[in-house]
Amino acid sequence: MIRVSMIALLVVAGVAGCANGPSGHHGGPPPQDPADYHGVPTDSRPPTMVPPPVSP
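Going by numbering that gives the first Met the number 0, the sequence shown wraps up at 55, each residue one higher than the last.
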């Protein structure tokens, strides 16, 4: 009997963990720095991996 109640408890806990849909806190535009922030800027561009070619 303890096994059945333990399985039921785990199933209820699993369903309760999935009950809050995925449309919660993720998505939307990336954060931007305030105008008066003088620290490391938020850069939304990917880093340059290859240096530009040298013109002869």
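In short, the hints are calculated from the structure, not lab data. This one's a predicted model, so the numbers in the text were calculated from it and none came from an experiment. Heads up, a few of these hints could be off.
What the hints assert, rightly or not - Derived DEER-like restraints, expressed as beta-carbon distance ranges:
1) A7 x P33: 43 to 53 Å
2) S54 x Q31: 30 to 40 Å
3) Y36 x V10: 41 to 51 Å
4) P45 x A15: 52 to 62 Å
5) P50 x G27: 43 to 53 Å
6) G38 x G16: 33 to 43 Å
7) V49 x I6: 50 to 60 Å
8) G27 x A7: 29 to 39 Å
9) G13 x P46: 39 to 49 Å
10) A15 x P51: 47 to 57 Å
11) P33 x V3: 50 to 60 Å
Using N, Cα and C, we set each Cβ at its ideal position, and we do this for glycine too.
task: Determine whether the Cβ-Cβ distance between S54 and Q31 falls within the hinted range of 30 to 40 Å.
output: holds, 36 Å
query: Would you say the C-beta atoms of G38 and G16 sit inside 33 to 43 Å of each other?
result: holds, 37 Å
- request: For A15 and P51, compare the CB-CB distance with the range 47 to 57 Å and indicate the outcome.
  value: holds, 54 Å
query: Does the Cβ pair G27, A7 satisfy 29 to 39 Å?
result: With Cβ atoms ~38 Å apart, the hint holds.
query: Given a hinted range of 43 to 53 Å, is it respected by the beta-carbon distance of P50 and G27?
result: violated, 34 Å
field: Distance restraint evaluation - G13, P46, Cβ atoms, bounds 39 to 49 Å
entry: This hint holds: roughly 40 Å between Cβ atoms.
message: Against the range 41 to 51 Å, how does the distance between the Cβ atoms of Y36 and V10 compare: consistent or not?
response: holds, 47 Å
message: Quick check: does the Cβ-Cβ distance between V49 and I6 fall within 50 to 60 Å?
response: holds, 56 Å
Consistency of beta-carbon spacing, A15 to P45, with hint 52 to 62 Å: violated, 39 Å
message: Quick check on a hinted range of 43 to 53 Å for A7 and P33, using CB atoms only.
response: holds, 50 Å
task: Look at the Cβ atoms of P33 and V3 and judge whether their distance stays inside 50 to 60 Å.
output: The hinted range 50 to 60 Å holds for P33 and V3, with Cβ atoms some 56 Å apart.
In this structure, the hints that do not hold are numbers 4 and 5, in rising order.
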